[in-house]
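Enquirer: Go ahead and model the full structure; you've got the sequences and the hints to work with.
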Amino acid sequence: MAEDTEWQPKIVMFCCNWCSYGGADSAGMGRFQQPPTVRVIRVMCSGRMDPVFILNAFLEGADGVIFSGCHIGDCHYVSGNYKATIKYKFLKAMVNELGLEDERLKLDWISASEGERYANVVKEFTEQIKKVGPSPLKPEGVV
Amino acid sequence: MEIGDCYIGWATDEEIRSKGASGGLVTAMLAAALEKELVEAVVVLKKLGEFEAIPIVTSDPEEVKAAAGSMHSVPIVLSRYLEYGTKVALPAKPCDARATIEQAKRQQVNLDTTYIIGLNCGGTMHPAVTRKMLETIYKLDPEEIAGEEIDKGKLIFETKDGKEHAIKIDELEEEGYGRRESCQYCAINIPRMADLACGNWGVIGDLAGKGTFVEVNTEKGIEILQNAIDSGAVEITPADEKGKAIREKVDSAMQKVAASAHAKYLAPIEGSHLDYYMNTLSDCINCGACKTVCPVCACGEAAKCTDFYSQALGYKMSLFHLVRFVHLMDSCIGCGQCTDVCPVDIPLTHLYRRFAEPLQEEFDYTPGVDMRTPPFFGVDLIED
Numbered sequence: 001m002a003e004d005t006e007w008q009p010k011i012v013m014f015c016c017n018w019c020s021y022g023g024a025d026s027a028g029m030g031r032f033q034q035p036p037t038v039r040v041i042r043v044m045c046s047g048r049m050d051p052v053f054i055l056n057a058f059l060e061g062a063d064g065v066i067f068s069g070c071h072i073g074d075c076h077y078v079s080g081n082y083k084a085t086i087k088y089k090f091l092k093a094m095v096n097e098l099g100l101e102d103e104r105l106k107l108d109w110i111s112a113s114e115g116e117r118y119a120n121v122v123k124e125f126t127e128q129i130k131k132v133g134p135s136p137l138k139p140e141g142v143v
Numbered sequence: 001m002e003i004g005d006c007y008i009g010w011a012t013d014e015e016i017r018s019k020g021a022s023g024g025l026v027t028a029m030l031a032a033a034l035e036k037e038l039v040e041a042v043v044v045l046k047k048l049g050e051f052e053a054i055p056i057v058t059s060d061p062e063e064v065k066a067a068a069g070s071m072h073s074v075p076i077v078l079s080r081y082l083e084y085g086t087k088v089a090l091p092a093k094p095c096d097a098r099a100t101i102e103q104a105k106r107q108q109v110n111l112d113t114t115y116i117i118g119l120n121c122g123g124t125m126h127p128a129v130t131r132k133m134l135e136t137i138y139k140l141d142p143e144e145i146a147g148e149e150i151d152k153g154k155l156i157f158e159t160k161d162g163k164e165h166a167i168k169i170d171e172l173e174e175e176g177y178g179r180r181e182s183c184q185y186c187a188i189n190i191p192r193m194a195d196l197a198c199g200n201w202g203v204i205g206d207l208a209g210k211g212t213f214v215e216v217n218t219e220k221g222i223e224i225l226q227n228a229i230d231s232g233a234v235e236i237t238p239a240d241e242k243g244k245a246i247r248e249k250v251d252s253a254m255q256k257v258a259a260s261a262h263a264k265y266l267a268p269i270e271g272s273h274l275d276y277y278m279n280t281l282s283d284c285i286n287c288g289a290c291k292t293v294c295p296v297c298a299c300g301e302a303a304k305c306t307d308f309y310s311q312a313l314g315y316k317m318s319l320f321h322l323v324r325f326v327h328l329m330d331s332c333i334g335c336g337q338c339t340d341v342c343p344v345d346i347p348l349t350h351l352y353r354r355f356a357e358p359l360q361e362e363f364d365y366t367p368g369v370d371m372r373t374p375p376f377f378g379v380d381l382i383e384d
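Going line by line, the protein sequences match chains A and B. Residue 95 in this note's numbering sits at position 95 of the first sequence, and the numbers go up by one each step. Residue 335 in this note's numbering sits at position 335 of the second sequence, and the numbers go up by one each step.
Be aware that one or more of the hints could be misleading.
Chain A is nowhere near these chain B residues, computed Cβ spacing over 10 angstroms in every case [said to hold, decoys possible]: (1) D5; (2) S59; (3) Q108; (4) P238.
Below 30 angstroms or equal to it, Euclidean Cα-Cα: the simulated DSBU-like pairs (lysine-lysine) are [claimed, not checked]: (5) B:K304 to A:K106; (6) A:K92 to B:K264; (7) B:K139 to B:K160; (8) B:K291 to A:K89; (9) B:K160 to A:K92; (10) B:K316 to A:K131; (11) B:K264 to A:K10; (12) B:K304 to A:K89; (13) A:K10 to B:K316; (14) B:K316 to A:K138; (15) A:K89 to B:K316; (16) B:K304 to A:K138; (17) A:K138 to A:K123; (18) B:K264 to A:K89; (19) B:K291 to B:K105; (20) B:K316 to A:K123; (21) B:K210 to B:K256; (22) B:K105 to A:K89; (23) A:K106 to B:K316.
With beta-carbon atoms standing in for the labels, derived distance ranges [stated by the list, open to error]: (24) A:P35 to B:G271: 25 to 35 angstroms; (25) B:Q311 to A:R42: 29 to 39 angstroms; (26) B:T113 to A:E103: 42 to 52 angstroms; (27) A:N96 to B:L313: 55 to 65 angstroms; (28) A:R39 to B:F377: 43 to 53 angstroms.
Hints listed in this document are in silico derivations from the structure and should not be mistaken for laboratory results. Owing to the predicted nature of the structure, the values given are computational and were not obtained by experimental measurement. Each residue gets a CB set at the ideal place from its N, CA and C atoms; glycine is no exception.
Expert: This is how it looks when you write it as C-alpha cells:
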C-alpha cells in the first residue's frame with residue numbers, strides 16, 4: 001500500500017502531567033484521529049523541560065520536538081509555563097543559529113479538555129515535519 | 001568624594017610611582033588596603049617572563065609593590081582561588097570585573113567583601129602568539145625584549161639594547177597576530193561595572209605618564225580610595241573637563257575599531273550553519289578544558305554538559321557543546337579563555353559569541369555589568 005512506503009517522521013512530545021497529558025487522554029477518549037508519529041513523554045510541568053531533553057531528543061534521532069503545557073495563567077505550579085516560555089526562546093535561538101529548521105521545534109498550550117486541539121496539533125506538526133524531511137542530526141542507522 | 005567623581009591620582013612613594021604603570025596608583029592603593037587591614041588578600045600578577053604573568057593571591061604588601069607595572073593576563077576566576085567571603089581586592093580588566101560579578105550572581109564570590117579596581121583595557125595578547133610574531137614579523141629574538149607598549153595604533157617592542165621596533169597593529173592583526181581575537185571585537189574598554197575605573201586615558205599635561213585617571217563608581221570604590229589617601233600612600237587631584245573628554249574620545253575610538261573587527265570576525269556564516277558547526281567541533285577531543293576555565297560556569301565537576309554525554313553515544317554533534325552553547329547564551333562575556341586553552345584550536349569563544357549575541361540582544365541583557373538575574377532564571381510574570 002502507498003501509505004506504508006511513505007516516510008513517517010518521529011516526533012517526541014513532552015506533555016505536562018496536569019493539562020497536555022490529560023489532553024492526549026481526551027483525544028483518545030473522543031476518538032479524534034491522529035497520525036502515529038508522536039512519542040509522548042510525560043513531565044510533571046512544562047517548566048520541568050530542560051534544554052538538555054530537547055537537544056538529546058534531536059541527537060537521538062527525533063525529527064521534531066513539541067513541548068506542551070497548561071495555558072498561560074493556568075499552570076498547576078503557578079509559573080511553570082512562564083519558565084517554559086523562556087526556555088523555548090533560548091532553544092529557538094539555539095536551533096536557528098545551529099541551522100536546524102525552525103519548524104522542528106514547537107511550543108503549544110493544550111488543556112486537559114482540548115482533545116480535539118491535541119489531535120490537530122499532532123496532525124499539523126506531522127505535516128510540517130514531513131515537508132522539511134528527516135533531521136540532519138539523526139545518527140547513522142536510525143530510521 | 002562622591003560616586004561619579006573623576007580624579008587623577010598617583011603614589012606618593014617615588015619608587016612605586018616610577019615602577020608602576022602611569023603613576024602606580026593601583027599598586028599603592030592595593031598595598032595600602034593590605035597595610036590598613038581593609039582587606040585580607042590581594043590578587044596581583046606575578047611576572048613569569050616578558051610575555052607572561054600568572055595571577056597570585058598574596059597578603060604581603062611587599063609582594064604587591066613588587067608586582068607593579070602592567071602585564072597581559074587572562075581573566076581571573078576569583079572563586080577558584082579564594083574561599084567565599086574572603087576580604088579581597090583585585091585589579092581587574094573589564095572582563096575580569098564582569099567575570100567576578102557573574103560569579104557573585106552564582107554565589108561564588110561575595111561582592112560585599114570584594115573590592116574590584118577596574119583597569120582600562122584595549123586588549124591582551126597571547127604569550128605564545130606574541131613569541132611567534134616576534135620571530136616571524138619583527139625578526140627579533142623573544143628573549144631580547146625589554147618592554148612593550150601601544151602608541152598611536154602601533155605596537156612597539158623595545159629590545160635590551162634600547163632600540164624600538166614599531167609595527168602598525170592593523171597590519172599585525174591582518175596577519176593573524178596581535179591581540180586575541182576576542183579582544184579585537186570587545187567593545188567594553190572602561191570597566192564602569194567595577195568599584196573604581198582606573199587607566200591612563202585622559203591624563204594630560206605635566207601628569208601624563210605619572211598619574212592615573214580614576215572614576216569612582218561605587219561606595220566601596222570611595223572606601224578603598226579614601227583608605228589609601230588617609231594612609232598617605234596616594235595623592236589625588238580632581239580631573240579637568242578636558243581630560244574627561246579625551247578619555248571619552250579614546251573610548252569611543254576604541255569602540256569603533258571593535259565594531260569593525262566585530263563585523264569582520266562575526267560575519268554571517270556562508271552556507272549551511274549545521275555543516276559549519278559540525279566541522280568545527282569535529283576535532284574536539286572531549287578534554288573539558290573549555291568548561292574548566294570558563295569564568296561564568298559555576299556548575300562544578302558534575303554538570304549537565306558532562307553527565308549526560310559520552311562520546312560512545314555516536315551523536316553527530318557533541319551534546320557537551322550543545323549544552324554549553326545554551327548555557328552560555330545569556331552569560332558569555334567573551335573573555336576568550338576557552339579558545340586559549342583548547343588543545344585542538346577550536347575557536348570556541350567565536351562559536352559561543354555567535355550563539356550568545358542574538359539572544360543577549362533579544363533580552364537586552366549584558367552579562368557582568370550589573371546584578372540583573374540572567375534571563376534563563378528571571379521569570380517575568382507580567383504578560384506582554
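Enquirer: Does each hint fit the structure? Answer for all of them.
Expert: Hints, one by one, checked against the model:
1. D5: holds (39 angstroms)
2. S59: holds (42 angstroms)
3. Q108: holds (22 angstroms)
4. P238: holds (46 angstroms)
5. B:K304 to A:K106: Answer holds: K304 (chain B) to K106 (chain A) is near 23 angstroms, not above 30 angstroms.
6. A:K92 to B:K264: holds (26 angstroms)
7. B:K139 to B:K160: Distance of about 15 angstroms is within 30 angstroms: holds.
8. B:K291 to A:K89: Given pair K291 (chain B), K89 (chain A) holds - Cα atoms ~24 angstroms apart, limit 30 angstroms.
9. B:K160 to A:K92: violated (56 angstroms)
10. B:K316 to A:K131: holds (22 angstroms)
11. B:K264 to A:K10: Given that 30 angstroms is the threshold and the Cα spacing comes to 40 angstroms, the pair is violated.
12. B:K304 to A:K89: holds (19 angstroms)
13. A:K10 to B:K316: Cα-Cα ~17 angstroms, so holds.
14. B:K316 to A:K138: holds (7 angstroms)
15. A:K89 to B:K316: holds (24 angstroms)
16. B:K304 to A:K138: This hinted pair holds, its Cα atoms lying about 21 angstroms apart.
17. A:K138 to A:K123: Holds, because 22 angstroms separates the two Cα atoms, which is no more than 30 angstroms.
18. B:K264 to A:K89: Within the cut-off at roughly 27 angstroms; holds.
19. B:K291 to B:K105: holds (18 angstroms)
20. B:K316 to A:K123: holds (28 angstroms)
21. B:K210 to B:K256: holds (28 angstroms)
22. B:K105 to A:K89: Cα-Cα ~22 angstroms, so holds.
23. A:K106 to B:K316: holds (22 angstroms)
24. A:P35 to B:G271: 25 to 35 angstroms: Check passed, 33 angstroms falls within 25 to 35 angstroms.
25. B:Q311 to A:R42: 29 to 39 angstroms: At roughly 30 angstroms between Cβ atoms, R42 (chain A) and Q311 (chain B) fall inside 29 to 39 angstroms, so the hint holds.
26. B:T113 to A:E103: 42 to 52 angstroms: holds (50 angstroms)
27. A:N96 to B:L313: 55 to 65 angstroms: violated (25 angstroms)
28. A:R39 to B:F377: 43 to 53 angstroms: 30 angstroms Cβ-Cβ, so the 43 to 53 angstroms window is violated.
Violation of the numbered hints given earlier is confined to hints 9, 11, 27, 28; the remaining hints are satisfied by the structure.
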